[in-house]
Amino acid sequence: GAVVSQHPSRVICKSGTSVKIECRSLDFQATTMFWYRQFPKQSLMLMATSNEGSKATYEQGVEKDKFLINHASLTLSTLTVTSAHPEDSSFYICSASGRGGLYGYTFGSGTRLTVV
Amino acid sequence: KQEVTQIPAALSVPEGENLVLNCSFTDSAIYNLQWFRQDPGKGLTSLLLIQSSQREQTSGRLNASLDKSSGRSTLYIAASQPGDSATYLCAAPLYNNNDMRFGAGTRLTVKP
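Keeping their order, the protein sequence lines are chains A and B. Positions in the first sequence are counted from 1; adding 1 to them yields the working numbering. Positions in the second sequence are counted from 1; adding 1333 to them yields the working numbering.
Honestly, the hints are just simulated from the structure, not real lab data. Any given hint could turn out to be false.
Said to hold, decoys possible - Incomplete in silico selection of chain B near chain A, CB under 8 Å:
#1 Ser1379
#2 Ser1418
#3 Leu1422
#4 Gly1436
What the hints assert, rightly or not - Partial list, derived from the structure: chain A residues whose beta carbon lies under 10 Å from chain B:
#5 Gln39
#6 Ser44
#7 Leu47
#8 Ser90
#9 Ser98
#10 Thr107
#11 Phe108
#12 Gly109
#13 Gly111
#14 Arg113
Heads up, the beta-carbon is just placed ideally off N, CA and C, and yes, glycines get one too.
Construct the complete structure from the given sequences, taking the supplied hints into account.
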């Protein structure tokens, strides 16, 4: 079945530093990748949608200069949290969709970011 | 904009009970509907995917139904087990919009 690998699973960083999270589709071509954020006891909130080779589309209220998304290939998308602050501490999950969305959506295992 | 609602928010049942989780969505032009399971601090595991042209899908003790006209989906879990304890999320991507909108989830606890 379709597998999405997300790395790292946990990261602790100092306030003001940047953190990069990787999302890889291992056995299929992910034409579209999505990045979600989840605060404790809340549902997932879509942050941005990225299509391979083009700029990401950000949801309202999500700062594109703070959350940099790169989808340079059909198997890799990265989310970089720049100048992280404690309020950025959250659970970040990526998901990937194959061509036409026929395969549904496969999720990564998530990244727990803690900014101290 | 798609709005997804899940009822109940939390559910606690004794082991062995059959139960139903509900999901409703405001825009019926969905491409498909998916049910996921999320364990605490973990990512999502896809349980069932129902294409928009389908009415239901079954996998083991799980059965999901879809009624697009009424904007509803239900997840039926038969003979619940403590290992079923998790948060269950549904999501309904729109036909011309490739993103998914999630409900807030139902937190299920199955007591031994």
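We went through each hint and held it up to the structure:
1. Taking 8 Å as the C-beta contact cut-off toward chain A, the hint placing Ser1379/B at the interface holds, the least distance being around 6 Å.
2. A least Cβ separation of about 15 Å between Ser1418/B and chain A goes past the 8 Å threshold, and the interface hint is therefore violated.
3. With a cut of 8 Å, the hint placing Leu1422/B at the interface with chain A holds, because the nearest CB-to-CB distance is about 7 Å.
4. Hint status for Gly1436/B: holds, given a least beta-carbon distance of 6 Å to chain A, under 8 Å.
5. Interface hint at Gln39/A: satisfied, since its Cβ lies 9 Å from the closest Cβ of chain B, which is below the 10 Å cut-off.
6. With a least beta-carbon distance of about 4 Å to chain B, the hint placing Ser44/A at the interface is held under the 10 Å criterion.
7. Because the smallest distance between the Cβ of Leu47/A and any Cβ of chain B comes to about 5 Å, under 10 Å, the interface hint for this residue holds.
8. Taking 10 Å as the C-beta cut-off, the interface hint given for Ser90/A is violated, the closest approach to chain B being about 13 Å.
9. Restraint check, Ser98/A versus chain B: the minimum CB separation of about 6 Å is within 10 Å; hint holds.
10. A hinted interface residue such as Thr107/A counts as satisfied when its beta carbon comes closer than 10 Å to some beta carbon of chain B; here the least separation is about 7 Å, so the hint holds.
11. The interface hint given for Phe108/A holds, since its Cβ lies 4 Å from the closest Cβ of chain B, which is under the 10 Å cut-off.
12. Checking Gly109/A against chain B: minimum C-beta separation of about 6 Å stays under 10 Å; hint holds.
13. The beta carbon of Gly111/A is positioned within 10 Å of a beta carbon in chain B (closest approach about 4 Å), and the interface hint is therefore held.
14. A distance limit of 10 Å between C-beta atoms decides the matter here; for Arg113/A the minimum to chain B is near 7 Å, and the interface restraint holds.
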